[in-house]
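Q: Here's the letter readout for the chains.
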Amino acid sequence: MSAMTPAHQMFLQAFMARGLLNSKEVKDLFRKSLELNDVQVPESEEERKRQLVKFIRTISDHVSPFHLDIRKGVSEDDGTNFYCLVNNVENHITKMASDYSSSELDFFKKLVEQIVENDGAIGSTAALNIVTQDKKLTKNDAQDLLLRLENDRWIMQKEGKVSLSIRSILELDQYIQDVYPDSVKKCNVCKQICLKGQMCEDCGVKIHIHCAIRFFHRQENPRCPDQDCGAQWTHPVPSPSKSHIAT
Amino acid sequence: GRQKAQALNLEFVKFQPLEFAEKLKTFVSHQLGTQERGSLSSVGWRELGKFSQTFLKKSPALHFMCGAFERGEVVKKPVA
Amino acid sequence: QSQAERAAASIDPDELDRKVHDVVQFLLVQDQKKIPIKKLDINKAVLKEHSKAHGVVFGIEVVELQDKHKGSYILKNKLEAAQHLTWSEVDDSKTGLLMVVLSIVFMSGNVIQDGVLWHSLRGLGIDPEMPHETFGDVKKLIQQEFTRQGYLEFTRLQNSEQPVSEVRWGPRAKIETSKRKLLKFVAFIFQREPDEFSTQWQDMLSEEEKNQAAAS
Ligand SMILES: [Zn+2]
Ligand SMILES: [Zn+2]
Numbered sequence: 001m002s003a004m005t006p007a008h009q010m011f012l013q014a015f016m017a018r019g020l021l022n023s024k025e026v027k028d029l030f031r032k033s034l035e036l037n038d039v040q041v042p043e044s045e046e047e048r049k050r051q052l053v054k055f056i057r058t059i060s061d062h063v064s065p066f067h068l069d070i071r072k073g074v075s076e077d078d079g080t081n082f083y084c085l086v087n088n089v090e091n092h093i094t095k096m097a098s099d100y101s102s103s104e105l106d107f108f109k110k111l112v113e114q115i116v117e118n119d120g121a122i123g124s125t126a127a128l129n130i131v132t133q134d135k136k137l138t139k140n141d142a143q144d145l146l147l148r149l150e151n152d153r154w155i156m157q158k159e160g161k162v163s164l165s166i167r168s169i170l171e172l173d174q175y176i177q178d179v180y181p182d183s184v185k186k187c188n189v190c191k192q193i194c195l196k197g198q199m200c201e202d203c204g205v206k207i208h209i210h211c212a213i214r215f216f217h218r219q220e221n222p223r224c225p226d227q228d229c230g231a232q233w234t235h236p237v238p239s240p241s242k243s244h245i246a247t
Numbered sequence: 001g002r003q004k005a006q007a008l009n010l011e012f013v014k015f016q017p018l019e020f021a022e023k024l025k026t027f028v029s030h031q032l033g034t035q036e037r038g039s040l041s042s043v044g045w046r047e048l049g050k051f052s053q054t055f056l057k058k059s060p061a062l063h064f065m066c067g068a069f070e071r072g073e074v075v076k077k078p079v080a
Numbered sequence: 001q002s003q004a005e006r007a008a009a010s011i012d013p014d015e016l017d018r019k020v021h022d023v024v025q026f027l028l029v030q031d032q033k034k035i036p037i038k039k040l041d042i043n044k045a046v047l048k049e050h051s052k053a054h055g056v057v058f059g060i061e062v063v064e065l066q067d068k069h070k071g072s073y074i075l076k077n078k079l080e081a082a083q084h085l086t087w088s089e090v091d092d093s094k095t096g097l098l099m100v101v102l103s104i105v106f107m108s109g110n111v112i113q114d115g116v117l118w119h120s121l122r123g124l125g126i127d128p129e130m131p132h133e134t135f136g137d138v139k140k141l142i143q144q145e146f147t148r149q150g151y152l153e154f155t156r157l158q159n160s161e162q163p164v165s166e167v168r169w170g171p172r173a174k175i176e177t178s179k180r181k182l183l184k185f186v187a188f189i190f191q192r193e194p195d196e197f198s199t200q201w202q203d204m205l206s207e208e209e210k211n212q213a214a215a216s
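If you're matching them up, the sequences are chains A, B and C in order.
Under my numbering, the first residue of the first sequence is numbered 1, with each subsequent residue one higher.
Under my numbering, the first residue of the second sequence is numbered 1, with each subsequent residue one higher.
Under my numbering, the first residue of the third sequence is numbered 1, with each subsequent residue one higher.
Each hint should be verified, as a subset may be incorrect.
[Said to hold, decoys possible] In silico negatives: residues of chain A with every beta carbon more than 10 angstroms from chain C: (1) N22; (2) K27; (3) V41; (4) V53; (5) K72; (6) V74; (7) T80; (8) D99; (9) S103; (10) K135; (11) D152; (12) Q174; (13) V179; (14) D182; (15) R223; (16) V237.
[Claimed, not checked] Beta-carbon label-pair distances, calculated as ranges: (17) C:R148 to B:K76: 29 to 37 angstroms; (18) A:N91 to C:Q212: 40 to 48 angstroms; (19) A:K24 to C:T155: 46 to 54 angstroms.
[Stated by the list, open to error] To be clear about the criterion: a stretch of chain A counts as covered by chain B if any three or more of its residues have a C-beta under 8 angstroms from a C-beta of chain B, and this derived list gives those stretches: (20) 89 to 97; (21) 104 to 111; (22) 165 to 173.
It should be emphasised that the hints constitute simulated quantities derived from the structure, not laboratory data.
Backbone N, C-alpha and C fix where the C-beta goes; we use that ideal spot for every residue, glycine too.
From just these sequences and the hints, can you work out the full model?
A: What follows is the structure, encoded as structure tokens:
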């Protein structure tokens with residue numbers, strides 16, 4: 001196992017401070033971490049990429065005894081790549097977390113449930129209505145809480161819809177699969193959890209939008225990717241625009 | 001000679017909190033290219049904070065959701 | 001072999017590793033609110049090892065507070081902060097306010113009465129009795145949050161008719177920053193040289209001398 005250098009520590013600390021970084025931010029951070037520590041930055045893009053992968057692996061190796069990991073995921077919204085520092089253990093120590101109060105965590109838990117059971121997004125009103133179930137928080141509290149969850153990058157709020165950010169999906173992956181086995185589906189293409197996506201009306205197979213774009217690319221007559229199904233794919237598949245090409 | 005110089009240097013600049021407040025607003029206005037009058041704006045406080053971080057050795061905290069709450073029961077859907 | 005090393009040797013290595021990892025995880029979780037961590041109920045061997053692990057992996061130092069705060073720990077960055085870190089908007093704003101308060105306290109001779117502090121902050125639009133657009137309950141932020149985190153210390157004065165408190169730097173402020181850094185900050189804002197504030201400059205020098213003597 002390669003040793004941690006101050007450059008690695010800087011990189012890791014930046015992940016602790018931000019939680020979620022897109023691939024451009026990761027590349028910039030990598031360069032900065034090397035430069036601030038007088039380490040030569042590889043000139044060729046390819047070599048930089050190779051070094052970055054090695055760099056991240058070193059950090060992952062060192063944080064794994066503390067049940068932490070740096071995971072890569074793709075945003076269900078626009079197909080961009082993200083990296084997250086995730087905790088992957090549930091024990092008596094993690095229960096002492098204090099970023100959110102227990103009633104706020106209850107709210108979040110129910111929010112996750114609603115989102116998982118409603119194809120990856122619910123309306124803001126439905127989200128605020130979660131509070132009426134237990135009455136521990138007021139609607140105003142819930143509104144503030146949604147904003148905090150958004151600022152901390154656990155959820156996204158867009159066009160009146162609330163959904164889980166890639167940070168939540170990556171960190172709660174196992175939890176969601178274990179607790180909602182009947183509701184959650186895995187994408188037929190990339191085999192990762194798929195909350196938002198397109199579903200085959202015949203067999204119920206689900207795929208991410210960005211996976212659909214890749215999979216159906218240049219197919220004139222798209223069909224369900226499931227071998228046994230092969231039904232006509234009735235959803236419109238967006239053309240590969242800039243925002244949907246994973247970088 | 002030397003003693004006199006030291007005496008002169010003593011209390012060369014006296015710290016005045018209200019003058020400090022004005023200087024802080026001038027600094028922030030200069031950074032943001034705005035005019036901070038009366039009170040410091042939200043953007044102004046943030047800008048001042050960003051600059052201040054250099055003078056503190058704060059360590060980042062670890063934030064997570066996994067394991068922060070109890071799992072509860074597995075949610076099974078009734079078979080239709 | 002130190003006592004800690006002997007104690008460490010008597011524990012099964014896997015068991016020690018597990019304990020060390022638990023303590024590091026515990027400290028990381030406890031640090032979320034940035035309140036000094038009390039009751040670190042672990043033996044010396046584990047303490048020494050986890051401290052090492054924390055530094056090697058995270059670039060973070062575990063520091064025990066001194067004097068009446070002995071037995072409490074805070075986490076201090078071993079790296080030069082700010083260059084690689086970005087903080088949330090809330091964090092940044094609070095740091096701005098904290099820096100101003102720490103500056104006023106230090107520049108006023110290391111102690112200031114709370115009334116004078118509030119008066120000094122008025123020029124920036126801080127009124128302890130009014131909700132603040134950025135900080136909300138700003139009195140609570142300064143008196144409670146900054147104090148709990150160890151940045152400030154409020155001492156209630158006896159024998160005064162009105163409730164009066166004296167405000168000083170808390171133990172965390174002394175670890176995360178220094179008089180030299182604060183003076184540099186203040187001088188920068190005034191566009192002066194730090195040593196032009198001769199009273200504070202002398203205070204800083206004599207404290208540094210004292211610390212050096214204590215360290216050697
Ligand atoms: Zn997919
Ligand atoms: Zn199908």
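Q: Confirm or reject each hint.
A: Taking the hints in turn, this is what the structure says about them:
Separation of N22 (chain A) from chain C is adequate, the least Cβ-Cβ distance of about 13 angstroms exceeding the 10 angstroms criterion. Chain C leaves K27 (chain A) outside its interface by the beta-carbon criterion, the shortest separation being 14 angstroms against a cut-off of 10 angstroms. Even its closest Cβ contact with chain C, about 15 angstroms, leaves V41 (chain A) beyond 10 angstroms, as expected for a residue assigned away from the interface. For V53 (chain A), the shortest C-beta to C-beta distance to chain C comes to about 19 angstroms, beyond the 10 angstroms cut-off, and the non-interface label holds.
Annotated as non-interface, K72 (chain A) keeps its C-beta farther than 10 angstroms from every C-beta of chain C; the closest such distance is 20 angstroms. Chain C leaves V74 (chain A) outside its interface by the beta-carbon criterion, the shortest separation being 23 angstroms against a cut-off of 10 angstroms. With a minimum CB-CB distance of about 19 angstroms to chain C, T80 (chain A) clears the 10 angstroms threshold, and the non-interface call stands. With a closest Cβ-Cβ approach of about 5 angstroms to chain C, D99 (chain A) is found to fall inside the 10 angstroms limit, against its non-interface label.
Every C-beta of chain C lies more than 10 angstroms from that of S103 (chain A), the closest at about 17 angstroms, which supports listing it as non-interface. Every beta carbon of chain C lies more than 10 angstroms from that of K135 (chain A), the smallest distance being close to 24 angstroms; the non-interface claim holds. Once the 10 angstroms rule is applied to beta carbons, D152 (chain A) is inconsistent with being away from chain C; the minimum gap is 8 angstroms. Remark: the non-interface label on Q174 (chain A) is consistent with the geometry, its nearest Cβ contact in chain C lying 18 angstroms away (cut-off 10 angstroms).
At the 10 angstroms boundary, the C-beta of V179 (chain A) stays outside the reach of chain C, the nearest C-beta of that chain being 22 angstroms off. Annotated as non-interface, D182 (chain A) keeps its C-beta farther than 10 angstroms from every C-beta of chain C; the closest such distance is 32 angstroms. Taking the minimum C-beta to C-beta distance to chain C, about 46 angstroms, the non-interface status of R223 (chain A) holds against the 10 angstroms cut. Every CB of chain C lies more than 10 angstroms from the CB of V237 (chain A), the least distance being 37 angstroms, so the non-interface label holds.
The hint said 29 to 37 angstroms for the Cβ distance between R148 (chain C) and K76 (chain B), and at roughly 44 angstroms that hint is violated. At about 44 angstroms, the beta-carbon gap between N91 (chain A) and Q212 (chain C) stays in the expected band of 40 to 48 angstroms. In this structure the supplied range 46 to 54 angstroms holds for K24 (chain A) paired with T155 (chain C), their Cβ-Cβ distance being about 50 angstroms. Counting residues of the stretch 89 to 97 of chain A whose C-beta sits closer than 8 angstroms to any C-beta of chain B gives 6, which meets the bar of three, so the coverage hint holds.
With 4 residues bearing a CB less than 8 angstroms from a CB of chain B, the stretch 104 to 111 of chain A meets the requirement of three and the coverage assertion stands. For the stretch 165 to 173 of chain A, the stated coverage by chain B is satisfied: 3 residues place a CB nearer than 8 angstroms to a CB of that chain, which reaches the threshold of 3.
Violation of the numbered hints given earlier is confined to hints 8, 11, 17; the remaining hints are satisfied by the structure.
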